[in-house]
Amino acid sequence: MAHYELRCRECGRTWGNQPRSICDDCFSPLEVTYDYDGLRASVLHGSNGHGAFSRESISQRPPNMWRYAELLPLPQGFEPRLPVGFTPLFQAPRLAKRLGAEGRNFYIKNDAVCLPTLSFKDRVVAVALSQARAFGFDTVSCSSTGNLANAVAAQAAREGLKAWIFIPADLEPAKILGTNVYGAKVVRIAGNYDQVNRLCSQIADEHRWGFVNVNLRPYYAEGSKTVGFEIAEQLGWRLPDNVVCPMAGGSLITKIKKAFDELIKLGLVEAKEVKFFGAQATGCSPISTAIKTGSAEIEPQKPATIARSLAIGNPADGHYAIKTIKSSGGWSEDVSDPEVIDSIRLLAETEGIFTETAGGVTVGTAAKLYRQDRILPEETTVLCITGNGLKTTDVLAGVYQTERPIAPKLAEFESYLQRTLDVAEVPEIVAAAEAARIGA
Amino acid sequence: MAIKVQIPSALRRHTAGVGSITCTAANLEDLFSVLDEKFPDLKPHLRDDKGQVRRFLNIYVNEEDIRFLGGPEYAFQEGDEVLLVPSIAGG
Numbered sequence: 004m005a006h007y008e009l010r011c012r013e014c015g016r017t018w019g020n021q022p023r024s025i026c027d028d029c030f031s032p033l034e035v036t037y038d039y040d041g042l043r044a045s046v047l048h049g050s051n052g053h054g055a056f057s058r059e060s061i062s063q064r065p066p067n068m069w070r071y072a073e074l075l076p077l078p079q080g081f082e083p084r085l086p087v088g089f090t091p092l093f094q095a096p097r098l099a100k101r102l103g104a105e106g107r108n109f110y111i112k113n114d115a116v117c118l119p120t121l122s123f124k125d126r127v128v129a130v131a132l133s134q135a136r137a138f139g140f141d142t143v144s145c146s147s148t149g150n151l152a153n154a155v156a157a158q159a160a161r162e163g164l165k166a167w168i169f170i171p172a173d174l175e176p177a178k179i180l181g182t183n184v185y186g187a188k189v190v191r192i193a194g195n196y197d198q199v200n201r202l203c204s205q206i207a208d209e210h211r212w213g214f215v216n217v218n219l220r221p222y223y224a225e226g227s228k229t230v231g232f233e234i235a236e237q238l239g240w241r242l243p244d245n246v247v248c249p250m251a252g253g254s255l256i257t258k259i260k261k262a263f264d265e266l267i268k269l270g271l272v273e274a275k276e277v278k279f280f281g282a283q284a285t286g287c288s289p290i291s292t293a294i295k296t297g298s299a300e301i302e303p304q305k306p307a308t309i310a311r312s313l314a315i316g317n318p319a320d321g322h323y324a325i326k327t328i329k330s331s332g333g334w335s336e337d338v339s340d341p342e343v344i345d346s347i348r349l350l351a352e353t354e355g356i357f358t359e360t361a362g363g364v365t366v367g368t369a370a371k372l373y374r375q376d377r378i379l380p381e382e383t384t385v386l387c388i389t390g391n392g393l394k395t396t397d398v399l400a401g402v403y404q405t406e407r408p409i410a411p412k413l414a415e416f417e418s419y420l421q422r423t424l425d426v427a428e429v430p431e432i433v434a435a436a437e438a439a440r441i442g443a
Numbered sequence: 670m671a672i673k674v675q676i677p678s679a680l681r682r683h684t685a686g687v688g689s690i691t692c693t694a695a696n697l698e699d700l701f702s703v704l705d706e707k708f709p710d711l712k713p714h715l716r717d718d719k720g721q722v723r724r725f726l727n728i729y730v731n732e733e734d735i736r737f738l739g740g741p742e743y744a745f746q747e748g749d750e751v752l753l754v755p756s757i758a759g760g
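Same order as they appear, the protein sequences are chains G and S.
Each residue of the first sequence is one higher than the last, beginning at 4 in this note's numbering.
Each residue of the second sequence is one higher than the last, beginning at 670 in this note's numbering.
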């Protein structure tokens, strides 16, 4: 019997294991819960042929997200076929300096290089598809703002499953191409993500497909926990003081919290109060608005931002994201589109990481949080960079001019050098007006 | 106003399998009264103990979230199609 099952997050009713995301009784979302007593025993003695689930044994497992298999809802006998996750966590001293942080305590968790499709969505899809197979689906599907589309399409190809992907028609070309290429059927919808999402819930009612973010959602969402497990392990089995995380549907931030709680529960890290900080684009900021206005509930918005991977105006997990942030003593902020672009450039020019718009949102928000003294320089802080800049190059169109080529002659170059000695500075994201406004 | 209401499969066990109905309702409150009367078992699944619409139930009118149309203030128009849809996650 599986060591996990579905449970309603509100009324607590259990539902065993099946493709369903909603409690029929109260319409609330389901979540995977585990036999933690059994897991505590396996920390010492091992279980399911995995050996002990201890710091030592985990550190000897292959460097991918499956090293935390005991805390994931994987079907019996599941054999991973892709080395997803275990992305780098590293200090970012040059960016730290620009944000006013201490370099040795400031970290980037870089899922811009997550395999196979360069975003953290590879993690959730890997878990969802393991269950899709177990439940007997031959077709998997999703509504997506892009990264999920790429991840489902690629991993479905790898698993030999058919994929139907529903996207807003105006998605970034690279994200559409990066879905088409895997042979997935891409359905462009003339509407925003929330409309696509609503349509998918209706389609899931009619077709027996494995929608990773509808009927497989509770399993899918658990994959996000591996970001948290990895942060803890890569920090030397300790928890940071702060995590800054982008928010779209609001799930990731709650799952990193769940991951930390589980590690504490199993004695794998020392208990610690971690503050969670959520990042949104001002043009789609239902969660940060709720935090800043002191509301416990989400007021839906019509998205208008270049950060399309975060453009969810009615975030399904918004309520839980608010709870996670508030109860941790954290905060949420949002940044304008120009700040997103400046922040993408800042991260690239200081640390050599090219992130997509969501990463710009995270860096820009972190800058604000340091200016507001909500995060202090000496605290250990991790910024979650969740996607790759090569997918959203369109937002940088026009930022860099294509220069006139010069002849392959040394004299030409010397002349060129003279003309261009005044090189561009790294962008300054603390605009004077903004700094004045917040009194920084 | 005569409107059409679509009921998701998750709730159809409380409606004897009925997936859609046509009824007359002036606004959301009115619609809930109609549903209460027609499907008494459905009531606790749509509203909580305090009578509030359940947090994770989204209501759409002609594909638009009713909260953008004024929520409980919205006056149904003849032929409106109302969808009851659970909140689902993003990506």
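Calculated from the structure, these hints are not laboratory results.
Please note: incorrect hints may appear among the correct ones.
From the derived model, a few chain G residues whose C-beta atoms are all more than 12 Å from chain S [to be verified]: (1) Ile-301; (2) Glu-302; (3) Pro-303; (4) Ala-319.
For lysine-lysine, the following DSSO-like pairs were computed, each having C-alpha atoms within a straight-line distance of at most 27 Å [unchecked claim]: (5) G/Lys-305 with G/Lys-326; (6) G/Lys-326 with G/Lys-261; (7) S/Lys-673 with G/Lys-326; (8) G/Lys-188 with G/Lys-275; (9) G/Lys-268 with G/Lys-295; (10) G/Lys-305 with S/Lys-673; (11) G/Lys-329 with S/Lys-673; (12) G/Lys-275 with G/Lys-305; (13) G/Lys-165 with G/Lys-188.
Since we're looking at a predicted model, the values are computed, not measured.
Ideal Cβ positions, reconstructed from N, Cα and C, are used throughout, including at glycine.
Verification of the supplied hints:
{"no.": "1", "hint": "Ile-301", "result": "9 Å, violated"}
{"no.": "2", "hint": "Glu-302", "result": "7 Å, violated"}
{"no.": "3", "hint": "Pro-303", "result": "6 Å, violated"}
{"no.": "4", "hint": "Ala-319", "result": "4 Å, violated"}
{"no.": "5", "hint": "G/Lys-305 with G/Lys-326", "result": "23 Å, holds"}
{"no.": "6", "hint": "G/Lys-326 with G/Lys-261", "result": "12 Å, holds"}
{"no.": "7", "hint": "S/Lys-673 with G/Lys-326", "result": "36 Å, violated"}
{"no.": "8", "hint": "G/Lys-188 with G/Lys-275", "result": "45 Å, violated"}
{"no.": "9", "hint": "G/Lys-268 with G/Lys-295", "result": "31 Å, violated"}
{"no.": "10", "hint": "G/Lys-305 with S/Lys-673", "result": "25 Å, holds"}
{"no.": "11", "hint": "G/Lys-329 with S/Lys-673", "result": "40 Å, violated"}
{"no.": "12", "hint": "G/Lys-275 with G/Lys-305", "result": "37 Å, violated"}
{"no.": "13", "hint": "G/Lys-165 with G/Lys-188", "result": "8 Å, holds"}
When the structure is compared with the earlier hints, violations turn up for hints 1, 2, 3, 4, 7, 8, 9, 11, 12 and for no others.
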